[in-house]
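*Asks:* Sequence:
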Amino acid sequence: MRWLWTPAWIARHVAMVVLVVSFLGLGWWQISRATAGNSISWGYAVEWPVFAGFVVYVWWREVRLARRNAEGAAESPADATDPAGSPAESTAAESTPAATTGSRPAVRRPVRVSRVPATAPPPAEDADLAAYNDYLSWLNANPGARPGDYPG
Numbered sequence: 001m002r003w004l005w006t007p008a009w010i011a012r013h014v015a016m017v018v019l020v021v022s023f024l025g026l027g028w029w030q031i032s033r034a035t036a037g038n039s040i041s042w043g044y045a046v047e048w049p050v051f052a053g054f055v056v057y058v059w060w061r062e063v064r065l066a067r068r069n070a071e072g073a074a075e076s077p078a079d080a081t082d083p084a085g086s087p088a089e090s091t092a093a094e095s096t097p098a099a100t101t102g103s104r105p106a107v108r109r110p111v112r113v114s115r116v117p118a119t120a121p122p123p124a125e126d127a128d129l130a131a132y133n134d135y136l137s138w139l140n141a142n143p144g145a146r147p148g149d150y151p152g
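Going by UniProt numbering, the letters in the sequence shown line up with residues 1 to 152, in that order.
The hints are simulated quantities; they were obtained by calculation from the structure and are not laboratory data.
Every value quoted in this text rests on a predicted model; they were computed, and no experiment measured them.
Among these hints, one or two may not hold up.
As the list claims (entries may be wrong) - Simulated DEER-style distance windows between Cβ atoms: (1) 119 x 62: 31 to 37 Å; (2) 110 x 22: 34 to 40 Å; (3) 14 x 109: 48 to 54 Å; (4) 47 x 106: 33 to 39 Å.
C-beta: ideal position from N, C-alpha, C; glycine also.
Whole structure, please, built from the sequences with the hints as guidance.
*Replies:* Following this line, the structure appears as structure tokens:
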């Protein structure tokens, strides 16, 4: 639990408390305005506590994820520093995400693969499309002409 008291986590805790108190205070302010006769404030009076709840949810999720990562690092320090492990064993463990974290799959970074541009197939000859393109090019070449003047 020491990782919860690092400077970055202390800043997160403080930000969460400040945001929740601010949002609940704004909700209380909107309730006081709504009871004074401002009817649109009833919607905001509901909205601000929802924002506070969302901040608490995100904070709880981040704490849970960090705790899970810390427990995973504490359980298997030999996996990261094992020079005798063969590449076949490490790729087998990486291919099954549930193997590293028990029954829950691990969240991993996406694999970035360089893309090779696909070659486009040769365009099929379409007589109607070619005639339409000729018509458009003639209209572009003759800006003052009307569409009915097209000789084709």
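*Asks:* All hints, please: hold or fail.
*Replies:* We went through each hint and held it up to the structure:
{"no.": "1", "hint": "119 x 62: 31 to 37 Å", "verdict": "violated, 46 Å"}
{"no.": "2", "hint": "110 x 22: 34 to 40 Å", "verdict": "holds, 35 Å"}
{"no.": "3", "hint": "14 x 109: 48 to 54 Å", "verdict": "violated, 29 Å"}
{"no.": "4", "hint": "47 x 106: 33 to 39 Å", "verdict": "holds, 36 Å"}
Figure legend: structure checked against the earlier numbered hints; hints not met, in rising order: 1, 3.
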